[in-house]
Amino acid sequence: MLVALTVATSVAALALAAWCGFAAYRDQPTKDWHFIGMGVVTLLTLVQLIVGIVQLARGEDPEQGTTIFVAYLIGSFACVPAAGFMSLAERTRWGSVTVAAGGVVLAVLEVRLFDIWGG
Amino acid sequence: MAVTDDEPRAQQNKQEKQEEREKQPKPRRQKLITGPGILLVWLYGVMVVGAVSRSAVQISTDFHKAPLAYTLSALAGVVYGFITYSLVRGGETARKAALVCCAAELAGVLAVGAWTLAEPSAFPDATVWSDFGMGYLFIPVLLPVTAVFWLRKSRAHTRPAEPSGA
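Just so you know, the sequences run in chain order A and B. Using my numbering, you'd call the opening residue of the first sequence number 1 and step up by one each time. Using my numbering, you'd call the opening residue of the second sequence number 1 and step up by one each time.
Warning: the hint list may mix true and false statements.
What the hints assert, rightly or not - Here are some chain B residues the structure puts well away from chain A; computed CB gaps all over 12 Å:
1. 35
2. 37
3. 45
4. 58
5. 97
6. 113
7. 119
8. 131
9. 152
10. 155
To be verified - Straight-line C-alpha distance at most 30 Å; calculated DSS-like pairs for lysine-lysine:
11. 31/A / 153/B
12. 96/B / 153/B
13. 31/A / 31/B
14. 96/B / 31/B
No lab work stands behind these hints, which were simulated from the structure alone. Every residue, glycine too, gets a C-beta built ideally from N, C-alpha and C.
Go ahead and model the full structure; you've got the sequences and the hints to work with.
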């Protein structure tokens, strides 16, 4: 369950990165549709956060330690919204680049989460 | 009419004056987070969270394992934090301070990167700057270079005082 979610989230994050990267390429700021996309990705990370905590509560142990696991769960949940708010402050193509970078960062976090959980 | 310091004013205006004075430097403080600057702030912010939380966990759990590596990670986190703050704050002083820190950061990445390759035994565990920041997609080595370019460019850009004063 968690592994499937991790894969889905990283794919979604990379798609978001590509989409916002394309917007930046066309010299556009992030628009409503992009924010809906960010919302979807954030929702995925929220579900992941909840599922992760439920798994911990059930007594399953992440391979590389609970603290790091929870820290990465929270980090990946906060990642895209933070980039989204920054793109609200910067209504140019650079706002879009920032969200694209946020998507890439989230994908990296997901890979790390996968490792930490132990595949 | 501009409000100058020596202009005599009635007491009731004092507060107003002060407010104005507080407001005044703000628009004049040059912004460093417009355009590409926002991307830099974002990446630096990510590095702050990464380096600080990483070293916090490692120092609090098993500091004895690799004290040098963990201390260096914490130091990197502090430097990143300062640069992020300078960028967000803006202004000439902050720009210069950030420039110095970026240079220090670049020197740190290169030195630690070379050190980890030359003598891996000194680092039983990785730091943020190990192998020139390979574990962080080389962002630690690319970021200061980009930041130095950006900070130098923003000086050139704002020097001929923009008409609106923005």
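### Query
Looking back at the hints listed earlier, which ones does the structure fail to meet?
1, 2, 3 and 4
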